[in-house]
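Given the sequences, and given the hints that come with them, work out the whole structure.
Below, each chain spelled out in residue letters.
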Amino acid sequence: MYTEKVMDHFSNPRNVGEIENADGVGEVGNASCGDIMKIFLKVEDNVIKDIKFKTFGCGAAIATSSMVTEMAIGKTLDEAMELTNAAVAEALDGLPANKMHCSNLAADALHEAIKNYRENHS
Amino acid sequence: MKKIYMDYNATTPVRPEVLDAILPFYREEFGNPSSVHWAGRAVSGAVEKAREQVAKLINCSPAEVVFTSCGSEGDNMALKGTVAALRDKGNHIITTGVEHPAVLETCHYLEKNGCDVTFLTVDSDGMVDLRQLEDAITEKTILISAMWGNNETGTLFPVEEIGRIARKHKVRFHTDAVQAVGKIPVDVQKAGADLLVLSGHKIGAPKGVGAIYIRRGTRMTPLIHGGHQERNRRAGTHNVAGIVGLGMACELAGQNLEQNAERMAHLRDKLEQGILNQIPDVKVNGHRTQRLPNTLNVSFAYIEGESLLLNFDMKGVAASSGSACTSGSLEPSHVMGAMGVDVALAHSSTRFSLGPDSTEEDVDYILEILPPIIQRLREMSPLYPGNK
Amino acid sequence: MKKIYMDYNATTPVRPEVLDAILPFYREEFGNPSSVHWAGRAVSGAVEKAREQVAKLINCSPAEVVFTSCGSEGDNMALKGTVAALRDKGNHIITTGVEHPAVLETCHYLEKNGCDVTFLTVDSDGMVDLRQLEDAITEKTILISAMWGNNETGTLFPVEEIGRIARKHKVRFHTDAVQAVGKIPVDVQKAGADLLVLSGHKIGAPKGVGAIYIRRGTRMTPLIHGGHQERNRRAGTHNVAGIVGLGMACELAGQNLEQNAERMAHLRDKLEQGILNQIPDVKVNGHRTQRLPNTLNVSFAYIEGESLLLNFDMKGVAASSGSACTSGSLEPSHVMGAMGVDVALAHSSTRFSLGPDSTEEDVDYILEILPPIIQRLREMSPLYPGNK
Ligand SMILES: Cc1ncc(COP(=O)(O)O)c(C=O)c1O
Ligand SMILES: Cc1ncc(COP(=O)(O)O)c(C=O)c1O
Ligand code: FES
Ligand code: FES
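Residue numbers (the UniProt record's numbering), protein chains in the order written: chain W, 1 to 122; chain D, 1 to 388; chain V, 1 to 388.
Note that these hints are calculated values from the structure, not bench results. Quick reminder that beta carbons are idealized off the backbone N, C-alpha and C, glycines included.
Residues on chain V that point at chain D, a partial pick, calculated with CB under 8 Å:
#: 1; residue: K3
#: 2; residue: V36
#: 3; residue: H37
#: 4; residue: G236
#: 5; residue: E306
Spelled out as structure tokens, the structure:
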């Protein structure tokens, strides 16, 4: 059902955890699925220096969380805002059709975290 | 890697004796039982023998057994066949909110086609209220459809009492016994059922065969019209090998039924106790005593079911979950919902279902791998208070 | 005793390659394809492979193939599913008087439930008249159901022309291709069919599995409601072994389809000629050129079918008959009736249907035993003028 990449990120998720005194926090939930995803950012000079996540969700949700953190780290906030769920899914070599919505969660949580940072630092 | 199958409520391997019994019917005795020549004759005897084996397990007469292709077909036949045959009597059906989709979706279809359906609620153990059932009966009620054992939680309905209420009000009683048959004694007379559905692949027969008990004199419109098979109650060339397998599986299930049930209950209880002793924030779903002997449904708080199943899978353990994330549907288990389990805990619900081949070692292995998996997943969870 | 099977239109032995293909799915790969764990995964790939094999044989896309339990289920689904889905469009169905009971009986049921059904007549060869078909179409016509090849006579309908007429009038076209698939090239695109039904046990797969082709975008109400299997088009746990077997049988049928057809036609023609040369007062039923390559239907005047079959049976030959005496019904074959064959000759009609394992020796043996049997039975017959 899942690609090897998905299973790799699912079994060894990168950047799990929380950042204390994070510069930005994004939380999204999908009511229908009941899934919740939280992303924590450390930002310096508009660049994502550190990023961590927590996820309650299926294998695809955990793998996309992990992947999105890997893709975002080191990027400028503007670059990170451009990250799409499609790009995350593609980086995982694809997701089953009925799991595409899970990848929305990850990109959305990242974007929420960036917005939250910008609100706090404007 | 060690493989541990704990998903017998989903399906079962074909039992070796069943496989032996069916093999001759693919190439040697391949005839059509409706044929009059040698190729048909050998085979029609085998079909009738299987009918007797099924009848014996559920205590009815062979003529009351009709072979089907699966439990879902049986449930559709029971509901649609009753509605079509009793149109002149009424259009009201009573069922429960925790039935299998084969009953629930059929009821929703019938609702769109002129039926009134009452979906009885259940309590937090998944149990129906007989008072509520009796109160729901009206002049137009033609059918009560209530399952014998729940596939997700194992909760057993009081079928004998339901049957009594049905008889008292002269309402037909259908019970979906797909999960009960072969695991506990099932007697259509005691239950007072007019219709009862079972499915082969849940009891060691191949997939693609099932049966419906239709009490003598019960008017039914066929779901599948055509040839004269099954005394005009179900058309289509007989699935001879499947039917022979179902017969043998019923015979095997009937042998030592109670000892096997006790053995499974012992293992299941050990698993349950082990989990409760080792892992905090665990909720057992389903009735504590009125429960199938092989079924354990637990919610591991803060963890989503599919991610747990994938971790199990990586360790060779096959189980199942009530999370929407595994089923491709949007809502998590309707059974958990009907029991009032909150959405997060419904997503956490995990079903272990044991079978005749389950062993003490299987249980020990699960109890060994479970705590670290739960710990790791909880640490990843934004809901877990231990992390805050 | 030598056993000669000449009843392949009734059912077929499972082909050895098919048996090999299905065996692993009873005990080793026994999972439920809907499960997410190891036991389910192996199996869901196998189901999808089989879907591709079926799709390839009939030239459609795999997503258009829905697995069923038999041909009868498929025909019921095609007819009832169309009527329920297109209720707003109309209630008129056109079919023919020579369809299999799975279509005819379903039409009779639908007639009792608000549908108008036109049963087209056929000529003495069992052929439909396309003019009559086109004239029968009204504003309310929602479906034309016409079989590809007739099970009793082998007569082939001009499905491409029927499909063209259906498209021209924007009417849905269903064809029961249970007897055609695997014997002659069947291409749903060329035929312009929206629905097509096939059955595994007619082509060397086990009994209890079939498929229906549903053209993309064709609205259908399921016959069996329940779980999400088959993209919500057919609920019920997959008959995995059966489905794998059906896939393999379709693949095998596709190899050398035309050579096999030629080989069977050659043997069939030899049988036909041999009978006509040796035995007087014989009538061949069915179209002489538009006919399944494996089917020969002959009426041996003055003889009743069952008594002939019993004599065959005593010599090890399995064939079938259009006589009411074999079928348990009162009327002799409705197909013979529709073709205007008189009742006595209808009772005499005998079907030889060949298969891939049929040999020249089989045909020679039948030609050897047939004349004395016929002679003996005729001498017993009050109808036989030779006796008068
Ligand atoms: C033309 C035709 N349609 C439908 C059927 C029904 O198929 P099944 O016996 O698989 O239900 C048959 C076979 O009996 C047939 O010959
Ligand atoms: C309670 C219950 N009813 C009906 C069914 C449907 O049976 P089948 O999958 O054989 O169609 C199942 C199994 O999935 C079940 O557990
Ligand atoms: S998070 Fe629910 S399906 Fe992926
Ligand atoms: S003569 Fe016996 S059934 Fe017709």
